[in-house]
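Input sequences plus hints: build the corresponding full structure.
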Amino acid sequence: MADNRRVDLSVPSAARMYDWLLGGHYNYEVDQRASEELLKVAPTTKELARNNRWFLERVVRVMAEEHGIRQFVDFGSGLPTQNNVHQIAQAVDPRSRVVYVDDDPVVLAHGQAIFDENDQSVVIASDMLETEYILEHADFRRLIDLDQPVGVLFNSVLHCIPDASGPGDLVTRVVDRLRPGSFVVICQLVSDDAGLRRQVTEMMLEQTHGRWGQVRERAQVDRYFDGLVIQPPGLVDVTDWRPDSELKRRQRSIEWTEYGGLAEVPPGRRSGAAVPRPRTA
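No gaps in the numbering here: position 148 of the sequence shown is 1510 in the numbering used here, and each next residue is one more.
Derived from the structure by calculation, the hints contain no laboratory data.
Glycine included, each C-beta is placed from N, C-alpha and C at the ideal position.
Careful, some of the hints might be misleading.
[As the list claims (entries may be wrong)] Simulated restraints, written as ranges between beta carbons of each label pair:
no.: 1; residue 1: R1457; residue 2: Y1495; range: 23 to 31 Å
no.: 2; residue 1: L1401; residue 2: V1373; range: 14 to 22 Å
no.: 3; residue 1: G1557; residue 2: R1395; range: 20 to 28 Å
no.: 4; residue 1: G1385; residue 2: L1567; range: 23 to 31 Å
In structure tokens, the structure reads:
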């Protein structure tokens, strides 16, 4: 069921920290302090956040322009900023429909104010693990037709889910409800440095009072794409995913990266069908 928590201004939020790293205004002093502590461990995290946002813009545009996707679901959408999913998609086709899912009260408050002015977009208040609640929600069913191709985004959110809660199982539950020809975006924080993975994971768990997951290795993220057809250029640091600006590409994070890509749902995958190993288009 939906999460109706009140805002606790004594506890940093991963969504509000991300907003601060992007230069946004929907954050509080507690989020700013936590972000500054994170920058001491990983000083290029602002570059990482910006690169991830640029990747989101590119990948939504590719789904809309090149693959004709007109309905999108953004899990763990975070705070609204410039060039949100509905703005990118509706610039291609004003009829595009977008469902955002988040359970941060600040995200919900600010998001709803924007979506009240756009009847083709809505935010559903829910923990993204509550897939049945989300997929059966009246607003979801009003905007999203699962008998047509959908673009689903797990953009920079699966690291907010610990292994024990099954981030891979979440992806599987959602993908198994999609028709072939749908597309899935997955990226999350990774590092080759085991010490940094441990240090940042412990720091974020402490700062957010356990409302976080973990930094992972690339091989763990690769498994989220099981049974999907990975699109060119494959699974990469998202800075290198079809970059549209060499200047942006040079603003690269060092200590850790957002790793992932775009994949298509092939025939035979829907409704719990046998799941083959991932392929590359």
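Hint check:
A beta carbon spacing of about 26 Å between R1457 and Y1495 agrees with the range 23 to 31 Å that was offered as a hint. Under the hint 14 to 22 Å, the C-beta atoms of L1401 and V1373, about 19 Å apart, fit the expected range. A beta carbon spacing of about 23 Å between G1557 and R1395 agrees with the range 20 to 28 Å that was offered as a hint. A hinted range of 23 to 31 Å holds for the C-beta pair G1385 and L1567, which are about 26 Å apart.
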